[in-house]
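Peer 1: Sequence:
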Amino acid sequence: MNKKDLYLKLFQENKRLVETLKRNNVTNFRLISLGNSIGSGYSLRRTTKPLLIRNESLKPIFKKGEINLELFHFARAQNNNDECIFEWLATNIKESEIQKLNQLDYGKGPIGKTVHGLSKEQMEMYYSSKEPRGLQELIFDVDPNMANIVIYNGCTGSFLDNVTRQGSIFHKLTYGIKRDTRSLEATLKWIQINNRNKGANTQVYLCGVPDFLGLKISEFINQKLRKIAKQYANVVYVEPVKSKFFYKSLEEKNSFLLKADLHYDEKEYEKFNLHIIEKINANYSKTNAMIKFDRLFYMLNRDFEKHASAITCEKSYIQSLLEKFTEQLCIQVDYTKKKELYIQLKQYLMNRFPYDFYYLGKKELKKSLKKIYH
Numbered sequence: 001m002n003k004k005d006l007y008l009k010l011f012q013e014n015k016r017l018v019e020t021l022k023r024n025n026v027t028n029f030r031l032i033s034l035g036n037s038i039g040s041g042y043s044l045r046r047t048t049k050p051l052l053i054r055n056e057s058l059k060p061i062f063k064k065g066e067i068n069l070e071l072f073h074f075a076r077a078q079n080n081n082d083e084c085i086f087e088w089l090a091t092n093i094k095e096s097e098i099q100k101l102n103q104l105d106y107g108k109g110p111i112g113k114t115v116h117g118l119s120k121e122q123m124e125m126y127y128s129s130k131e132p133r134g135l136q137e138l139i140f141d142v143d144p145n146m147a148n149i150v151i152y153n154g155c156t157g158s159f160l161d162n163v164t165r166q167g168s169i170f171h172k173l174t175y176g177i178k179r180d181t182r183s184l185e186a187t188l189k190w191i192q193i194n195n196r197n198k199g200a201n202t203q204v205y206l207c208g209v210p211d212f213l214g215l216k217i218s219e220f221i222n223q224k225l226r227k228i229a230k231q232y233a234n235v236v237y238v239e240p241v242k243s244k245f246f247y248k249s250l251e252e253k254n255s256f257l258l259k260a261d262l263h264y265d266e267k268e269y270e271k272f273n274l275h276i277i278e279k280i281n282a283n284y285s286k287t288n289a290m291i292k293f294d295r296l297f298y299m300l301n302r303d304f305e306k307h308a309s310a311i312t313c314e315k316s317y318i319q320s321l322l323e324k325f326t327e328q329l330c331i332q333v334d335y336t337k338k339k340e341l342y343i344q345l346k347q348y349l350m351n352r353f354p355y356d357f358y359y360l361g362k363k364e365l366k367k368s369l370k371k372i373y374h
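Residue numbers for the sequence shown, in this note's numbering: 1 to 374.
No lab work stands behind these hints: they were computed from the structure. Note that the structure is a prediction, hence the values are computed from the model and not measured. Careful, some of the hints might be misleading.
[What the hints assert, rightly or not] Result set (EDC-like, lysine to aspartate or glutamate): computed pairs, CA atoms no more than 20 Å apart in a straight line:
| no. | residue 1 | residue 2 |
| --- | --- | --- |
| 1 | 15 | 70 |
| 2 | 346 | 364 |
| 3 | 59 | 270 |
| 4 | 346 | 323 |
| 5 | 286 | 19 |
| 6 | 100 | 66 |
| 7 | 248 | 219 |
| 8 | 108 | 251 |
| 9 | 4 | 70 |
| 10 | 267 | 5 |
[As the list claims (entries may be wrong)] Distance ranges between label pairs, derived from CB positions:
| no. | residue 1 | residue 2 | range |
| --- | --- | --- | --- |
| 11 | 66 | 317 | 40 to 46 Å |
| 12 | 217 | 257 | 32 to 38 Å |
| 13 | 302 | 66 | 17 to 23 Å |
| 14 | 12 | 128 | 39 to 45 Å |
| 15 | 340 | 217 | 27 to 33 Å |
| 16 | 4 | 335 | 15 to 21 Å |
| 17 | 336 | 97 | 39 to 45 Å |
Where is the CB? At the ideal position from N, CA and C, for every residue including glycine.
Sequences and hints are given; from them, build the entire structure.
Peer 2: Here's what the structure looks like:
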C-alpha cells in the first residue's frame, strides 16, 4: 500500500469510527496512549512524533462529526517497563509530568536519546500538557456517553533494560518478559475492577510488539499478549505492523547505509494507527457489551452469594433473570457481531465461572446466553 492509499484508508476508517461511536450514543471520545517508546512515537532513525498525533485526519474528522476528541500521551522512550507503567497508574501521574520526562528523553542532556525530525518548537508542542487530571482519573472516569479507550504498548521494557543496562546474565532471556507481563496484568486487573465496581466502561487495546522483517521474531511475546487479552472482558489485542528493521537515517537521504531500529518509520506508524482504528471499529460495541455483561453478572453473583441459602431452590428465577438481562444488554450490539459476542462471552464466562460467577449456575448461565440471538 503506497503512502496516498494508506492515508485514504486511514481517513475512511476514522470516518467509520465516528459512525460507530454515534450508533453507540457516544458524544466524547478519549484515546490514551499508554506505555513504551512505540506509544510515545519514538524512532531511532526516522521522525519522532507522538503515536496518536501521527493519525493526522483524526481531529478534523471528529470535529466535523461533532464528537469531542481527547488525546492523551502517557508513554516514554525509556524507563518504560510495565512496572513503571503500573506505578504511573498507582500514583495518578499527570500528563505534564510524563511530558517533562519525554523532553528529557529527547533532549541534549546526559539521558537524552538520538532523535530526528523533532525541532525544539515541535517538542514543546507535542510533549507538553496543562491537563490537571492524572492518569488514574482519566482511565477510571465514569461517563455513560464517553468512549474511554487505552492504547497500551508494553512488554519490552524489562527485556531491553536487562540487555542494555548491565542486567544479570540470568535475566537476559525470558525473565524480563515474565516480569513485564506480571505488571501488565496488574494494570489490566485494576482497570477491570474499576469497570466492575465503579461503573466505568474503559476499553484497553493491547498492542503487539513490531513484527521485525515479518519473521515473527517477536511472536513469543505477542502470543502471550493474545492469551492475556482473552482473560479480560474489556481487552482487545491489536496485531502489530511488519517493520523493515533497517532504515536510512532521516538526514542521510542519499546514503545507501541502513541502520537497525526496533521502532517503526513514518509509514509504519501510520499503518499501525490504521490497525488500531480498524480494531476499535470492529470491536467497540461488542467489547462494550462484554464489559456490561461482566459487570452485571459479577454483581449478581456477589448478591446471590450473600443470599445463597434463599436461592438454592430457585434456579428458575435465576434463569429468567439472566435471560431478561441478556436480551436487554444486546440491544445496541450490531446484529453481525452477535455470533462473535456469543462465542467470546461464553468462553470468557466459562473460564472465569469457578471464581467470579459460580452462584449463577453454569447451566443457567449457558442457557441465558442463547438469548443473545433473540
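Peer 1: Could you check the hint for me, namely that residue 66 and residue 317 are 40 to 46 Å apart, CB to CB?
Peer 2: 45 Å Cβ-Cβ, so the 40 to 46 Å window holds.
Peer 1: Taking the beta carbons of residue 12 and residue 128, is their distance inside 39 to 45 Å?
Peer 2: 31 Å, violated
Peer 1: Check the hint pairing residue 15 with residue 70 against an upper bound of 20 Å on the C-alpha distance.
Peer 2: 16 Å, holds
Peer 1: Could you check the hint for me, namely that residue 336 and residue 97 are 39 to 45 Å apart, CB to CB?
Peer 2: 43 Å, holds
Peer 1: Verify the CB-CB distance for residue 4 and residue 335 against the hinted window 15 to 21 Å.
Peer 2: Cβ of residue 4 to Cβ of residue 335: about 35 Å, so the range 15 to 21 Å is violated.
Peer 1: Could you check the hint for me, namely that residue 217 and residue 257 are 32 to 38 Å apart, CB to CB?
Peer 2: The hint (32 to 38 Å, Cβ to Cβ) is violated, given that residue 217 and residue 257 are roughly 23 Å apart.
Peer 1: Are the Cα atoms of residue 108 and residue 251 separated by 20 Å or less?
Peer 2: 18 Å, holds
Peer 1: Between residue 346 and residue 364, is the straight-line Cα distance small enough, at 20 Å or below?
Peer 2: Satisfied, since the Cα-Cα distance of roughly 12 Å is no more than 20 Å.
Peer 1: Is the straight-line distance between the alpha-carbon of residue 248 and that of residue 219 20 Å or less?
Peer 2: At roughly 26 Å apart (the allowed maximum being 20 Å), residue 219 and residue 248 break the hint.
Peer 1: Quick one, are residue 100 and residue 66 close enough, alpha carbons at most 20 Å?
Peer 2: 32 Å, violated
Peer 1: Is residue 267 close enough to residue 5, meaning Cα to Cα at most 20 Å?
Peer 2: Judged against 20 Å, a Cα distance of about 11 Å means the pair holds.
Peer 1: Has the given pair, residue 4 with residue 70, been kept, meaning a C-alpha gap of at most 20 Å?
Peer 2: 26 Å, violated
Of the numbered hints given earlier, the model fails hints 6, 7, 9, 12, 13, 14, 16; all others are met.
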